[in-house]
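Colleague: Go ahead and model the full structure; you've got the sequences and the hints to work with.
Positions -25 to -1, 1 to 402 (mature numbering (1 follows the signal peptide of the UniProt record, and there is no 0)) are the ones given, in order, by the sequence shown.
Mixed in with the good hints there might be a few duds.
Cut-off 20 Å, straight-line C-alpha distance, at most; resulting in silico cross-link-like pairs (SDA-like, lysine to any residue) [unchecked claim]:
id	residue 1	residue 2
1	Lys288	Ala85
2	Lys65	His173
3	Lys235	Asn219
4	Lys30	Pro212
By construction, these hints were calculated from the structure, which means they are not laboratory data.
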Amino acid sequence: MLARAPLLVVFLLLCINAAVEQVSADLRVGFYQSTCPQAETIVRQLVQKRFNTDKSVTAALLRMHFHDCFIKGCDASILIDSTAQKQSEKAAGPNQTVRDFDLIDQIKTALEAACPSRVSCADVIALATRDAVALSGGPTYPLPTGRLDGLTSNVNDVNLPGPTMPVSSAFAQFFRPKGFTLNEMVTLLGAHTVGVAHCAFFQDRASNFQGTGKPDPTMDPALAGTLRRTCSASNNPTAFLDQNTSFVVDTSFYRELTVKRGVMQIDQELATDPSTSAMVAGFARSESSFRQSFAAAMVKMGSLVGKGGEVRKSCRVFNPKSPVSGGARPPPVATAPRRPPVVQPAPGRPRPPVVRPRTPVPSTRRPVVSPHPPAVKPRPPVLRPRSPAVSRAPPPKSGGKKNVPKTNAKNVSKTKGIQKKKPGKGN
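Modeller: As structure tokens, this is what we get:
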């Protein structure tokens, strides 16, 4: 048995990696290794502290994680509080009994103190659920992180499979559209191994199934009697979905289904529906098969993510500048803040336009300064035709003995020398 353990671990890792690659390439194991290396340790310690005093925390976190991921992806939209103007997902009927939001708040507060604005609330839910499953005896698996928190949370978006829904309908309407196989649906419903349900969701099966005044014939009579006594109270109490090992993540849930001891109708139908009965029997016989499938299915469900979002400072409210009115989500803020100094603000800043043109400034001024030397050198060939004009210049008006004599070669050369200087100064 010990020799097989390493092989099982390798097989489990391969299953998980395959699930991640098929669903999302944006998440990766160890996402916070450089930005917040203590993140997963902080989550694990606080979950352990809660588990020590309340072992039902595993069921609460599994339910929270499922209800979050199946509504527009794992984006922590289930954590947003309603306002006077708008009701959030938290106000929807199926989410009225979701609990342990305070644990998520505690973890987020500790993470903000250690690494401000780094770890998303969506990752907090996923990591806390993973750790709680391990504490309850379930599999330990590497979990990809890097999720972003959603920018919307609307009560009308909540649509989840009900406890009386036929297996075929649940698969066709909820699981298959999200890319899950029938086997993965049976695996994920195995989370009910540590779950509870209020009497309102199953009481009719124990006493008045479909108005017949009798219990559901697919329910064990002894279980029906136990549930009737439990639900006789008027405060809508709860009952364990696994009446055997209620706080342990194991295959007892499936074994209970094979002997008609499923509490909710959708659970019991897994064992009677021809398309899923063999899967239930297989998990009931093999603990290792269930553990491998459960780890891979949880990773795959956790990889249902949206296209963008933010990292909230508080899990209960959107960040101040979030477009909570709806519409298309912006690109992930995890990369956006790093680009503005190089790309986005450059056109609006005065510095880049001033610095960049300075290098070509000398080249633009040279054409203004450089024409003078070339203009002086070619002057002699241009002025030579004008030399006769110089010799024809009228003599000075002084008169008398100082009249200029006729030009000779010596005078012409002197005159040309003077004319060479004048054009240079005047032009």
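Colleague: All hints, please: hold or fail.
Modeller: Checked hints:
no.	hint	in the structure
1	Lys288 / Ala85	11 Å, holds
2	Lys65 / His173	18 Å, holds
3	Lys235 / Asn219	13 Å, holds
4	Lys30 / Pro212	18 Å, holds
Taken one by one, the earlier hints all hold for this structure without exception.
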